[in-house]
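Protein chains: 2
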Amino acid sequence: MRKIGMQEIEDIALGAALLGAGGGGDPYVGKLIAHGAIKECGEVTLLSVDEVPDDAFVVPIAMMGAPTVLAEKAIGGEEYKRLRDMVSQFYNREIFAFMPIEAGGVNSMLPFAAAARLGTPLVDADGMGRAFPELQMVTFTMAGVSATPMALTDEKGNSVIFRTITNKWTEEMARSVTMSCGGAVSVSLYCTDGRIVRQYGVRDIITRSEGLGRAIRTVRQGAGTPEENFLAAAEGIKLFRGKIADVQREVRGAFNFGKVILEGIGEYKGHAAYAEFQNENLLAAVDGAILATTPDLICIVDSETFTPVPTDALKYGKRVLMLGLKCFEAWRSPAGLELVGPRYFGCDTDYIPVEERAKGGVL
Amino acid sequence: MRKIGMQEIEDIALGAALLGAGGGGDPYVGKLIAHGAIKECGEVTLLSVDEVPDDAFVVPIAMMGAPTVLAEKAIGGEEYKRLRDMVSQFYNREIFAFMPIEAGGVNSMLPFAAAARLGTPLVDADGMGRAFPELQMVTFTMAGVSATPMALTDEKGNSVIFRTITNKWTEEMARSVTMSCGGAVSVSLYCTDGRIVRQYGVRDIITRSEGLGRAIRTVRQGAGTPEENFLAAAEGIKLFRGKIADVQREVRGAFNFGKVILEGIGEYKGHAAYAEFQNENLLAAVDGAILATTPDLICIVDSETFTPVPTDALKYGKRVLMLGLKCFEAWRSPAGLELVGPRYFGCDTDYIPVEERAKGGVL
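Protein chains in written order, with our numbering: chain E, 1 to 363; chain D, 1 to 363.
Treat the hints with caution; some may be incorrect.
[Said to hold, decoys possible] Here are some chain E residues pointing at chain D (derived, C-beta under 7 Å):
hint, residue
1, PHE162
2, LYS168
3, TRP169
[To be verified] Covered, in the sense of this in silico footprint (three residues per stretch, anywhere, with C-beta under 8 Å from a C-beta of chain E), are these stretches of chain D:
hint, segment
4, 165 to 176
5, 264 to 272
Hints are computed from structural coordinates only; laboratory data are not their basis. Built from N, CA and C at the ideal position, the CB exists for glycine as well.
Produce the entire structure from the sequences given, and follow the hints as far as they go.
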């Protein structure tokens, strides 16, 4: 158990944005919301999964929708109070702690805002270890945990409780409500017991985010070059360094689809790369060879500051470093790949771990 | 209090389809579902609104979606059980009786199926006195009654509870879920007290439907010509008699939009008419002059049998009689016209009661 205050939030937001793998929203927006809540209501109590009793009721808090819309909508304290009341009333159980469901600039932060405002502790675990675009894409789905009963509320005060036969149906139905509510809503789903979180959740993800954020902040203090320090701290596999030559975007449904094209710089001069995304980066290729695919994390960061660049902030001319991170081990199982492997997203390739694909590198 | 069996259902379905004003679904489908339930589980107890205690909990049962889809989906008994359990659990109240929310071939019948299968009485009232395409279009909206908490379930077993800030938002959100569930779902909404039903509901609507159905069935037994007998029993204003020359259709969202063009026959030879619809008929014009608009009922029936022809069964060459019926009085108030008047539906005309518009007639 430890307290999370303003500086920790700063680092967690930054590190979580890296784990967002291009998605999960703008960490600046997320940080502002968490900071505002902590300033007003006090620090948040963070619990390790081992401090959560087996039968304790743990409730994830997240936003659902397109990251580009998140930044344009106000997120007040009322939504969390409403979610809490809906969930505790519908389940007829008292909430022991909140939890993030995915890592990312916004969805790692909102649970802090909820925890601060309602005086509820937060568990140091999530259901992805990164960000993914659809709500059935959590480790809990592999464990047979239902996403529902799920609570959804918008900033206007509308609220919905879903109970569905599969988590894919939850996605389908909640997505359509998200669209009709303007593209971004607050949700609680995969409400479950401490025992399940400990067994299937991605543990210590907040602490890992914090470490990554701290490493980015102090990247010039290490033994090697900043890039070496960054890659070492992130346990990242370097994929490419280049200048953004083009970004193709399309909003379809509640998703941001697109592709970013990079022209090599420095040691990559004369080479070319691209990454495809659906909210998050899905596939990275250099000189036509695929070097990484989902569920491994494909992260694009500023080549000087190592600040993560979300897919909706990719801009022509920006110089970036593209790296791969190994995903949470369970995603590499057949069940995991069925949920979040490249073929699910329409990429015509089998999954091969990033550390194998990128072994040779381009240079 | 009286019992409703197979013959009564036959007449109610037929009469309700007339009150559906072109919408409300195919009475044949509705009748089959109600007959099946009554055959299996016994007759239904119908209560007059005066037999419902003030504080009794009355729960409407309906389908939401495009009438053309209704006919293609199976409707089982499980949906009603699920709706009952959702509503009674969420409100924590015991259900005293079910109620239809609109008149129409399907939505007048489904409450009978639910009542038969669950052994629950049915109240002889609804919230429209006809059919309308959107769910906020009920007399209860004028009374400030909320459509929510509203329960929705599909035939697969998915279920949703909505709680919205306005009935228009209920429509918006429930409609998008209806679409994602394949276009037709079962719902309970405007769950309310006996006192409210008595004060704002359209009373005796089932009995009126039954009388209309019986009149159509026995149209050749009266004093005048069948047409005279029919118009007298329906208190209908004759608008046109013609052959369907064209039907334009478009499915947009979960609605059937379109226009039917009629060429005059008999005394109307040489004249032309049309009706525009959105599930239900919205506007009828003869030789370019508008003779009736929503919220008055524009009904199209077979010119020989006087069987109602729903908008999704309009077919080239069919000979029909078009008539107007006065709507429930409350719809003619400013609040009523704001909800269901011609301008709401995009018809560029003020509301003038059908008995005034059609006074001169075309002949």
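Comparing the hints with the structure gives:
no.: 1; hint: PHE162; verdict: holds, 5 Å
no.: 2; hint: LYS168; verdict: violated, 11 Å
no.: 3; hint: TRP169; verdict: holds, 5 Å
no.: 4; hint: 165 to 176; verdict: holds (count 6)
no.: 5; hint: 264 to 272; verdict: violated (count 0)
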